[in-house]
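From just these sequences and the hints, can you work out the full model?
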Amino acid sequence: MRFRVTFQLAGVAFLAAGLWAWSEKGVLSDITNVTRLHGFDPVVLVLIVGVVMFTLGFAGCVGALRENICLLKFFCGTIVFIFLLELTVAVLAFLFQDWVREKFKEFFEINIKSYRDDIDLQNLIDSLQKINHCCGAQGPEDWDLNIYFNCSSESKSREKCGVPFSCCVPDPAQKVVNTQCGYDIRMQSKNKWDNLIFTKGCIPALEAWLPRNIYIVAGVFIAISLLQIFGIFLARTLISDIEAVKAGNNF
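Under mature numbering (1 follows the signal peptide of the UniProt record, and there is no 0), residues -21 to -1, 1 to 230 are what the sequence shown spells out, in order.
Heads up, simulated EDC-like pairs for lysine to aspartate or glutamate below, C-alpha to C-alpha not over 16 Å straight-line:
#1 Lys92 - Asp123
#2 Lys82 - Glu186
#3 Lys52 - Glu222
#4 Lys139 - Glu120
#5 Lys92 - Glu138
#6 Lys84 - Glu186
#7 Lys135 - Asp123
#8 Lys171 - Glu120
#9 Lys84 - Glu120
#10 Lys169 - Glu120
#11 Lys139 - Asp163
#12 Lys179 - Asp105
By construction, these hints were calculated from the structure, which means they are not laboratory data.
Take a look at the structure:
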């Protein structure tokens, strides 16, 4: 009985998390934007997480409530699959670091091209650049990939040869964000850039951040793994209890 109540609470937690992930980005109102975007839209990731967590929560909660072994085995099997998938991805990412770095560079460059196409993508890149004090994939010149920031003489954009405001070094005395601070920056000589914008690319910034925070990253992964193992243990224990009760009733 104790395991059943605990498992039901875990199922309710998965349901709540799934519903939150489903509604957080306004999936129903943004779904048309996903089909038109050539880069990456965070809504897709939120949608997938929401569907998976809602399905797991439903299977776990209803399976424990109705003592349905099929649902409980589905819950347990899915958690095991996700755990093994995470472990495999972590090992492969460690073994093929250069490949991962190259793919992330391609991913970032593709989304630089689509920066002005979707507000969610724009906010994601701006947040990434502001938090990590970086600009572009390898540097500010990567913003030439975007038609609005390109330095081409054919460009008629006011943002020509500039960078997004999230690349600008913040002024502590300025309380209102200056969204035009990146205009014409790359028309100036490079020795002036350090005082005006972040000159480090986001990929080198993330590579430098990871060793400094390796214990935090490892702690998060260990905590997630322990929660998954605990969920698997609860599911297997509840399945065994139900099977034992049903076996006893048959005699």
